[in-house]
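Respectively, the protein sequence lines represent chains A and B. According to our numbering, the residues represented by the first sequence are 1 to 143, in order. According to our numbering, the residues represented by the second sequence are 144 to 286, in order.
Hints may be right or wrong, so weigh each one.
[Said to hold, decoys possible] Below, computed lysine-lysine pairings styled on DSS-like, alpha-carbon distance capped at 25 Å:
id	chain 1	residue 1	chain 2	residue 2
1	A	120	B	247
2	A	25	B	247
3	A	25	A	71
4	A	104	A	71
5	A	25	B	263
6	B	229	A	120
7	B	229	A	71
8	A	104	B	281
9	B	214	A	25
10	B	247	B	281
11	A	120	B	168
12	B	281	B	214
13	A	138	A	71
14	A	86	B	168
15	B	214	B	168
Simulated from the structure, these hints should not be mistaken for laboratory data.
2 protein chains.
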Amino acid sequence: MTSQTDAQTGEGAASGPRAELDFAKGGGLVTAIAQDDATGDILMVAFMNEQSFDLTVETGEVHYWSRSRSKLWYKGEESGNTQRVKSMYIDCDGDVVLLKVEQKGGAACHTGRRSCFFRKLEGGRYEVVGGEPLFDPKEVYGR
Amino acid sequence: MTSQTDAQTGEGAASGPRAELDFAKGGGLVTAIAQDDATGDILMVAFMNEQSFDLTVETGEVHYWSRSRSKLWYKGEESGNTQRVKSMYIDCDGDVVLLKVEQKGGAACHTGRRSCFFRKLEGGRYEVVGGEPLFDPKEVYGR
Numbered sequence: 001m002t003s004q005t006d007a008q009t010g011e012g013a014a015s016g017p018r019a020e021l022d023f024a025k026g027g028g029l030v031t032a033i034a035q036d037d038a039t040g041d042i043l044m045v046a047f048m049n050e051q052s053f054d055l056t057v058e059t060g061e062v063h064y065w066s067r068s069r070s071k072l073w074y075k076g077e078e079s080g081n082t083q084r085v086k087s088m089y090i091d092c093d094g095d096v097v098l099l100k101v102e103q104k105g106g107a108a109c110h111t112g113r114r115s116c117f118f119r120k121l122e123g124g125r126y127e128v129v130g131g132e133p134l135f136d137p138k139e140v141y142g143r
Numbered sequence: 144m145t146s147q148t149d150a151q152t153g154e155g156a157a158s159g160p161r162a163e164l165d166f167a168k169g170g171g172l173v174t175a176i177a178q179d180d181a182t183g184d185i186l187m188v189a190f191m192n193e194q195s196f197d198l199t200v201e202t203g204e205v206h207y208w209s210r211s212r213s214k215l216w217y218k219g220e221e222s223g224n225t226q227r228v229k230s231m232y233i234d235c236d237g238d239v240v241l242l243k244v245e246q247k248g249g250a251a252c253h254t255g256r257r258s259c260f261f262r263k264l265e266g267g268r269y270e271v272v273g274g275e276p277l278f279d280p281k282e283v284y285g286r
């Protein structure tokens, strides 16, 4: 999305936008929020390293960094529930990326639910909200 | 908001809802997202420790943990721009709290802007969006 090139690293493309982010503060990661572009609902929160940020900008498909698996995570690579970027924002101190996305398959959460935020605090207890899961995790992930 | 009491710690009120959160994973902190309850806009992202989560549940006023100042942070204590909780959610693995809030004074960001996410990535560069600042930080914070 840019023709700028970083002479020192030889990297192209996203070196411009990435430079506004503070990866150092979070040990190489920034927080990434996926928000449904159509409804405004928050779908999930994860992390990005420099590579996943660059790939997201370049491809328009959301890539995170999986802390539990310590690997690049192309969202939806297993489930098919990819996220198409509609727009991207960064916060005032550059340690959070906001992604407004089109959620393929309708479900962002590994539980099969549309949003990871399906537990609402009500009267001191959590109630499950947001409807039934849209897929069976065992069928999709085999676990 | 609850009558449950934790017999071991002697703490009341929020010990129930807090128990569903995984503070250990983030070194004692969970990520907290403030979303405008009326518009769905993401206002800011910060952190909460156990105390700030409990105080938020108990008072209905958002309290964070300031990493830069290493102290409890009653949002709006200096600016007057407090956040009133309309509803609270937690994510599937319990390390993020979503707060739907009424933002007093209209501005959540320390820059005086309504949202911290005022930089939008457009064609490889960031454009400032979301309108003019609603207050002058120098006047409000004296710095």
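Quick rundown of the hints versus the structure:
| no. | hint | result |
| --- | --- | --- |
| 1 | A:120 / B:247 | holds (23 Å) |
| 2 | A:25 / B:247 | violated (29 Å) |
| 3 | A:25 / A:71 | holds (19 Å) |
| 4 | A:104 / A:71 | holds (22 Å) |
| 5 | A:25 / B:263 | holds (21 Å) |
| 6 | B:229 / A:120 | holds (11 Å) |
| 7 | B:229 / A:71 | violated (37 Å) |
| 8 | A:104 / B:281 | violated (44 Å) |
| 9 | B:214 / A:25 | holds (18 Å) |
| 10 | B:247 / B:281 | holds (19 Å) |
| 11 | A:120 / B:168 | holds (21 Å) |
| 12 | B:281 / B:214 | holds (22 Å) |
| 13 | A:138 / A:71 | holds (22 Å) |
| 14 | A:86 / B:168 | violated (31 Å) |
| 15 | B:214 / B:168 | holds (19 Å) |
Going down the numbered hints, you'll see the structure goes against 2, 7, 8, 14, while the others check out.
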